[in-house]
Amino acid sequence: MDNVVKNILNTVADISEEPNTAHNIRVNGKSQSRRSTENIEIKNKENGSGIDIIVKPGTKKELVHIPVVIENSGIVDLVYNDFYIGDDCDIFIIAGCGIHNDDRHLTQHDGIHTFHIGKNSKVKYVEKHYGEGSGTGENIINPVTVIHLDKGSTMEMDSVQIEGVDSTDRLTKADLADDATLITKEIIMTSGTQFAKTDFQIELNGKNSSANIVSRSVAKENSKQAFYSVINGNNQCNGHSECDAIIMDNATVKAVPDVTANHIDASLIHEAAIGKIAGEQIIKLKTLGMTEEEAEEEIISGFLR
Numbered sequence: 001m002d003n004v005v006k007n008i009l010n011t012v013a014d015i016s017e018e019p020n021t022a023h024n025i026r027v028n029g030k031s032q033s034r035r036s037t038e039n040i041e042i043k044n045k046e047n048g049s050g051i052d053i054i055v056k057p058g059t060k061k062e063l064v065h066i067p068v069v070i071e072n073s074g075i076v077d078l079v080y081n082d083f084y085i086g087d088d089c090d091i092f093i094i095a096g097c098g099i100h101n102d103d104r105h106l107t108q109h110d111g112i113h114t115f116h117i118g119k120n121s122k123v124k125y126v127e128k129h130y131g132e133g134s135g136t137g138e139n140i141i142n143p144v145t146v147i148h149l150d151k152g153s154t155m156e157m158d159s160v161q162i163e164g165v166d167s168t169d170r171l172t173k174a175d176l177a178d179d180a181t182l183i184t185k186e187i188i189m190t191s192g193t194q195f196a197k198t199d200f201q202i203e204l205n206g207k208n209s210s211a212n213i214v215s216r217s218v219a220k221e222n223s224k225q226a227f228y229s230v231i232n233g234n235n236q237c238n239g240h241s242e243c244d245a246i247i248m249d250n251a252t253v254k255a256v257p258d259v260t261a262n263h264i265d266a267s268l269i270h271e272a273a274i275g276k277i278a279g280e281q282i283i284k285l286k287t288l289g290m291t292e293e294e295a296e297e298e299i300i301s302g303f304l305r
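When we follow UniProt numbering, the leftmost residue of the sequence shown carries the number 1, and every step to the right adds one.
Hint data in this document are derived by calculation from the structure and do not stem from the laboratory. Any given hint might turn out to be false.
Under the rule of at most 30 Å between Cα atoms (straight-line distance), these lysine-lysine pairs were calculated in the BS3-like manner [claimed, not checked]:
no.: 1; residue 1: Lys173; residue 2: Lys128
no.: 2; residue 1: Lys207; residue 2: Lys276
no.: 3; residue 1: Lys224; residue 2: Lys60
no.: 4; residue 1: Lys197; residue 2: Lys6
no.: 5; residue 1: Lys224; residue 2: Lys207
no.: 6; residue 1: Lys119; residue 2: Lys6
no.: 7; residue 1: Lys43; residue 2: Lys220
no.: 8; residue 1: Lys185; residue 2: Lys151
no.: 9; residue 1: Lys276; residue 2: Lys151
no.: 10; residue 1: Lys60; residue 2: Lys119
no.: 11; residue 1: Lys173; residue 2: Lys224
no.: 12; residue 1: Lys151; residue 2: Lys45
no.: 13; residue 1: Lys151; residue 2: Lys122
no.: 14; residue 1: Lys197; residue 2: Lys284
no.: 15; residue 1: Lys56; residue 2: Lys124
no.: 16; residue 1: Lys185; residue 2: Lys173
no.: 17; residue 1: Lys173; residue 2: Lys286
no.: 18; residue 1: Lys56; residue 2: Lys197
no.: 19; residue 1: Lys122; residue 2: Lys220
no.: 20; residue 1: Lys56; residue 2: Lys254
no.: 21; residue 1: Lys286; residue 2: Lys207
no.: 22; residue 1: Lys45; residue 2: Lys6
no.: 23; residue 1: Lys254; residue 2: Lys276
no.: 24; residue 1: Lys224; residue 2: Lys151
no.: 25; residue 1: Lys173; residue 2: Lys220
no.: 26; residue 1: Lys173; residue 2: Lys61
no.: 27; residue 1: Lys185; residue 2: Lys224
no.: 28; residue 1: Lys173; residue 2: Lys30
no.: 29; residue 1: Lys220; residue 2: Lys197
Since we're looking at a predicted model, the values are computed, not measured.
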């Protein structure tokens with residue numbers, strides 16, 4: 001791996017070389033490194049469109065890395081990754097995508113990840129998206145995450161867009177069985193003329209199922225963001241959706257809640273707060289010796305934490 005790939009892997013997946021965990025490292029549209037373990041098998045799909053990750057029932061405290069790096073301008077990469085996670089598992093998955101673009105060509109990665117999570121299993125899933133490079137070509141990342149949660153299972157998903165992504169269209173779809181739980185937190189930063197759209201579609205089908213969807217974002221300069229959250233309560237369940245955004249300069253942020261109770265014991269809440277940084281917060285930090293720019297960055301850092 002060259003230094004560009006190593007640096008991006010460190011940014012999006014906290015690794016700089018091939019890990020000894022179960023992993024698949026995809027570079028410029030091809031698998032560059034792969035490793036299965038006794039409990040986790042990673043193999044190509046028969047049609048060549050991506051990989052299957054198969055986790056044996058009862059697998060505990062194992063880590064899977066599936067990062068993607070694109071460093072050749074002009075690549076448009078589409079991949080389908082399916083996770084089959086057995087019953088009674090507890091695993092940690094680190095994904096993420098980084099694009100290095102030094103040319104004028106549009107460069108894009110569309111990753112479609114589908115999770116089949118078995119009964120009473122727990123999955124922590126972390127993805128980071130990042131773009132860099134001196135070129136004028138756009139960096140585009142469009143993730144699709146489809147989650148099927150069986151009885152008593154839990155998925156916790158953290159998604160972070162760090163910087164340098166010109167356009168992203170993010171779709172997360174989930175259906176939950178009895179006693180299943182979904183917890184998601186996304187953090188998005190946009191600047192310049194960047195655009196970010198997030199779309200959650202959640203079906204609370206099971207009795208005592210629950211979902212907590214939290215989005216925090218900062219929109220600077222002339223960037224645009226749109227947040228859509230659909231939660232359907234189809235049984236006795238609890239659903240909560242929260243969108244908080246800081247808007248700066250000439251940016252635009254749109255939040256559209258959609259909660260539907262299809263059962264008398266469905267409890268659904270949506271919260272949205274969009275606004276600028278309060279002047280008194282900046283003044284307070286300036287009295288501590290910060291410049292206005294430093295104060296803004298400190299406030300943003302705390303907000304996105």
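query: In ascending order, which of the hints set out earlier in this document are inconsistent with the structure?
result: 2, 3, 5, 6, 7, 9, 14, 17, 18, 19, 20, 21, 24
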